[in-house]
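J.: Residue strings, one per chain:
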Amino acid sequence: MTATAALTMRGIDKAFHGIPVLSSVDLTVEQGEVHALVGENGAGKSTLMKILAGVHTADAGTIELGGRAVSFTHPVQAQNAGIATVFQEFNLLPELSVAENVHLGREPRRGGRIDRRAMADRTAQVLADLGVEDLAPTAKVGSLSVAHQQITEIAKALSQGADLICMDEPTAALADAEVALLYRLVERLRERGVSVLYVSHRLREIFDLCDRITILKDGRLVDSVDTADITPDELVTKMVGRRIEAQFPERLPGTETGDVRLRITAGGNDYVDGIDLDVHAGEIVGLAGLQGSGRTEIAEAVFGITPFTRGSIAVDGRPVRITRPRKAIASGIALVTEDRKAQGLALHQSVRANARMVLDANRSVHSRQRLARIRGILSSLDLVSRGDDQEVQFLSGGNQQKVVVAKWLAAEPGVIVLDEPTRGIDVGAKHKLYSVIRSLAADGLAVLLIASELIEVIGLADRIVVLHDGRIAGELPSGATEQDVMAYATGRRTA
Amino acid sequence: MRTLNTTALSSTAMIYLALAGVLAVGGAAVALDGGNLFATANLVDMLTRTSLTGFLAIGMTLVILCRSLDLSVGYTAALSSLVAATTMDGQAANIPLAIGAVLLVAGLIGAANGAIIAFLKVNPFIATLGTGLIIKGYLDTEYKGPAGDVPAAFQQFGYTRIAFVPVSALVMLAVAGAAIWYLRSTRTGHHMYAVGGDIDVARMSGIRTTRVLLTAHVLCGMAAGVAGLLLAARFGTGSAEAYTNLYELDAIAAVVLGGTLLLGGKGGVAGTVAGVAILAVLDTVFNVMQIDPFAKDVLRGVVIIAAVALYARRQLDRTARRPRFAISEGRA
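Order-wise, the sequence lines are chains A and B. Residue numbering for the first sequence follows our numbering, beginning at 26 and increasing consecutively. Residue numbering for the second sequence follows our numbering, beginning at 8 and increasing consecutively.
No wet-lab data here; the hints were simulated from the structure. Fair warning: there could be bad hints in the mix.
[Claimed, not checked] DSBU-like, lysine-lysine: derived pairs with alpha carbons at most 35 Å apart:
1) B:LYS151 / B:LYS303
2) A:LYS457 / A:LYS263
3) A:LYS165 / B:LYS128
4) A:LYS457 / A:LYS75
5) A:LYS242 / A:LYS352
6) A:LYS75 / B:LYS128
7) A:LYS263 / A:LYS352
8) A:LYS366 / B:LYS128
9) A:LYS242 / A:LYS366
Same shape as in the complex, but just chain A (with noise of 0.2 Å):
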């Protein structure tokens, strides 16, 4: 076939302040195929799509769409020539209509007024070629699951005419039931010509969805391949050019399961009901179920941000009160928030300053030694910063995330929750994360562990709880099958 390729991407250079972060990067992709693009966070696939966004504009190489050279200096060229982003942080306005955000800066008028109604119309149109039945136009995007805000954020691209789609990351935030919905949507999208460039660090999404892969390492290009040709272990060595032999570490040796160091009994609140659940000290126990089955209600009833209205819990043993986050920090409880950006971290300030500052605000569990401790915490972690005094927001999100980490680690907790710590996190940090969460267990702390990815929960726990509709569905031991965890999930079985 002579078909011109959608996109060819040739020789792209791009420095931010003289470092070097794309060098001579060819990018192809060909009408209605998904490619993955592929890389550690920092190899440049972010720079790379900002760059066909039009939000960054290469210093050296072409672009060329459908064969015409075009170049890009703000993102509404981009936009009108046919490239649509969905960044992970979606570009919607909440209080405003489905049909507003499809249509936002291109009303349909008629007679010069905005007409609404056949804005409503063709957002309901777009919607059905998407086989999107459940979303209505007139719904407040604000209201919506994040799904269907992401669904939203497509029909905006089908809408603006995209013939290419770039996606930054879509399943990070998406339940595994929600993640079937997007995988039909791909397909419709390639079934209707349009191209997809799929950003994501999930190999499953890759080799279930993607055409051609795409690999990055360090600005540079590794490999483009089909995806027929490659295996998962081979995409992992050329991402991170070292062979990852395992994608979970064993249990460590010395680990021991120990007395009961976090009990729930009965908990409940508006939310959750009738949570009964033990962690022990070396243990790591995973939460698992759907978006909304009330997993990080638990952790936020545990560390008291939406506390438990019935029930009690007890820590080591003693029966404790906890009605405020301070109150579990006291009682030796840690909790790394869903929510990196806007809840682990003080994004304008320093390493050092986000990592004393449990310490710094809670004087009970101060000391000149732990705070000490810090920078070792923080080498023991792999941290790599241009210093303890860089802001955190330059950091990658696996850095950021282990910034987190040594920050509770500082305070020495029996129990640490860890809800989605590996959100948004590429390969390499996930598996230092891993290891780091094996060694909590290790140094005999209790884990709970809350992730969407089942395969998360299944490699690292040693023991799963399902959660269904806010109550627990079931407990299954460590080298349960996806299948399994599903069964509880989903309601279809139950304990």
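Assemble the complex: chain A is given as a structure, and chain B must be docked to it using the hints.
T.: Same frame as chain A, but now just chain B:
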């Protein structure tokens, strides 16, 4: 209970309900005091109060929707009254010219505010505080007292009534209607919600955000100009002293009472009109009941804070997760 009641109604409906409540309570209080809040003289007083704050608050709504602010409107209105009165100079024939001059000057002040905020990226609070001070300085040095002369024909704008409704209040309502239409049916108006909601999203969607912001500020300035015309009509002369009334704070209070989010992106002029009316009713009630000025300001302050605290609660209720086990808990 509260959540059930509030989420069922739209924000604007709530505010009009609150207005009705204020009227009922105020009416009852005045009646207990032996008066009648709904006597013609009191109705005229209330409606007269709405027009001046109304013009300022309508313009203020536009800039606040864009997540901006204009603290210079009181000074702009005072300057406008002088421009109007000196241009008219007692001649009815000069009225159109004077109106044109006022709208031009006020619009330019708005444009300056918008440009400082949009291009120099100065925080709106500081930017408009600055322009306000500049105008104040000019007024203080150039005008030691009233200046200019407003012809009787134009003073009608300040005093004529149809039954108990002052013409100025009708003009204000017409302007409000136009603003509602503008926000809903024109692209630039609709885009004000986008700019205030998230300026990056707006920009990424191809909206010319600086133009939207500039437009909002120009319209806000012009609305302040109209308020200045009304001042001139009422006083029969231009008055630099007018700025001492801190009209801008009343306007902001009315906008916020009307349910427009100070952080932008949400609200509208319909609510603002109700906010203006609530303030006017309160003032009339205080007047009729002859409450001393100090207590009056205290009560106003309390009402404004309480209203905004209520909205904040409502905001939290709305964004919170839907409780799953709340009902069973209530029964237990």
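J.: Does the structure break any of the earlier hints, and which numbers would those be?
T.: 5, 7
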